[in-house]
Amino acid sequence: MRDVVRTVLRARTAVALPGDGRPDGEAVDAGALIGALAAAGRRVGKAALALDAAETERLRAAGVDWPIATRLDELWRIAALLDAVADPGFARLVADAYRGGDSDERCAVLRTLPLLPEPERFAPLAADACRSSVRPIFEAIACENPFPARHLSALHFNQMILKALFLEVPLARVRGLDGRRGDELTRMARDYAAERRAAGRPVSADLAALAAEVCA
Amino acid sequence: MRLFDPHIHMTSRTTDDYQAMAAAGIVAVVEPAFWVGQPRTHVGTFEDGFASLVGWERFRASQFGIRHYCTLALNPKEANDPSLVEGVLALLPRWLEKESVVAVGEVGFDDQTPDEERVFARQLELARAHDLPVLVHTPHRDKKRGTERSLALVREARFPEERVLIDHNNEETLPLVLATGCWAAHSIYPDTKMDEERMVALIQRYGAERIVINSAADWGISDPLKVPKTAARMRERGVDEQTIETVVWRNPLAFFAQSGRLDVAALEAEPAVDQRQLYAGNSVLRAGREPVVRR
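So the sequence lines, in the order shown, correspond to chains A and B. Numbering follows my numbering, in which position 14 of the first sequence is assigned residue number 14; successive positions increment by one, without gaps. Numbering follows my numbering, in which position 241 of the second sequence is assigned residue number 241; successive positions increment by one, without gaps.
The hints are simulated quantities; they were obtained by calculation from the structure and are not laboratory data. Certain hints may be false.
[Claimed, not checked] Subject to a maximum C-alpha distance of 25 Å in a straight line, what follows is the list of computed PhoX-like cross-link-like pairs (lysine-lysine):
1) B:K144 - A:K163
2) A:K163 - B:K193
3) B:K144 - B:K193
4) B:K229 - B:K193
[Claimed, not checked] With the C-beta cut set under 10 Å, the calculated list includes, among others, these residues of chain A facing chain B:
5) V94
6) E120
7) S132
8) P136
Just so you know, even glycine gets a beta-carbon here, dropped at the ideal spot from N, CA and C.
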């Protein structure tokens with residue numbers, strides 16, 4: 001999968017990745033990687049990422065059946081992180097990249113999570129991102145990202161859905177919602193719909209459907 | 001009429017806001033420690049934040065004739081960061097003793113996680129130990145359940161309900177709060193939470209007892225004049241003056257006076273202003289501006 005990502009990236013930019021030329025088994029230069037993540041937007045530009053049919057198919061064959069990245073700099077950051085995945089300090093590096101990252105860097109880290117081995121170790125980071133009030137950061141974890149449905153606890157997944165409703169993020173963008181629906185989420189949606197009606201506010205189609213008030 | 005805004009994040013507001021608030025009759029504010037938008041990653045950032053609330057911000061308010069009090073706590077959102085919890089809780093005892101601290105807060109729930117509940121309960125004990133009332137934030141998401149859980153936690157801890165102010169109520173949570181001995185605050189916001197018209201309807205239905213309003217103005221879209229604007233709307237809708245005064249002055253004063261740290265007599269008097277003063281060498285004035293002095 002790392003190779004597919006690199007191929008897609010290389011078709012668009014020749015800007016070197018921090019891991020280029022590093023022999024297998026050699027330690028990652030964490031400082032260089034962190035710096036490169038910050039500079040990616042300036043180095044490779046922020047062109048929107050549009051994949052052709054062959055690329056989409058290659059990614060799908062590698063298990064990536066969601067839009068892997070929104071922009072070229074994001075894909076470059078994802079590739080840079082994937083290069084470091086075998087490093088013993090990788091989990092700490094991911095945490096540091098998120099903690100010290102600006103919004104674009106944080107989004108890239110969140111879009112990298114579903115591509116990583118033992119992804120469940122990053123569930124606390126993902127739950128923290130769901131609490132962000134920065135909309136692009138919230139969307140990077142909640143939308144077109146399979147991580148939450150696969151790895152978040154019911155508590156955190158349900159809170160994420162409520163927050164998506166709060167921010168009016170279309171629930172169609174949340175992957176795997178149907179498989180995570182349950183009585184508690186329905187109860188929360190019903191309470192939220194009642195709260196909005198008591199306040200004289202409209203109830204969206206997404207909210208009504210989740211509250212099982214109309215056929216979804 | 002004197003006005004009290006018992007929940008406003010002045011740190012995020014400008015001196016224009018202070019001037020407009022003073023002109024509208026606001027003479028006292030309570031600024032709760034809360035989330036600052038950008039997540040904090042060091043315990044030391046909290047300590048500087050607490051110092052700012054009892055120091056620089058208090059001075060800044062005084063320069064406009066507004067008395068500034070604060071509430072301190074580890075907020076529910078950041079209670080989920082294990083690298084912060086113990087460090088911030090260990091800081092609090094020292095800062096809770098400062099004279100302008102009139103409650104522990106905002107405590108409460110955000111995502112309603114077990115960590116949030118544990119930190120909430122521990123801060124109730126801190127409030128008891130420091131003889132302070134408590135300001136409880138209620139969550140945006142799953143609000144009714146979060147309010148029920150907060151009230152249950154207060155009850156289980158046997159914390160005196162009359163020393164608890166439950167914040168950000170709406171039509172569904174207010175009756176739950178009034179059924180206990182806790183006080184109920186309402187944040188009047190431009191778009192979310194509660195607006196002036198709905199607030200008037202709640203006062204007309206439930207009366208003024210234990211009811212408080214605030215602007216909760218912060219770094220987002222919010223309005224530091226929502227307390228005077230809601231008072232004006234109540235007047236337009238025929239709410240009597242005594243009820244209005246109870247909501248915007250007597251109630252917040254009575255609630256926070258339970259801390260023993262509000263000088264009620266001084267609050268009733270005209271506040272003195274002396275813009276010639278400096279704080280750590282800094283003035284709120286900029287070059288060439290004539291200081292206001294009012295005694």
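Hints and how they fare:
no.	hint	result
1	B:K144 - A:K163	holds (15 Å)
2	A:K163 - B:K193	holds (15 Å)
3	B:K144 - B:K193	holds (13 Å)
4	B:K229 - B:K193	holds (16 Å)
5	V94	violated (15 Å)
6	E120	violated (17 Å)
7	S132	holds (8 Å)
8	P136	violated (14 Å)
The structure shown violates the earlier hints numbered 5, 6, 8.
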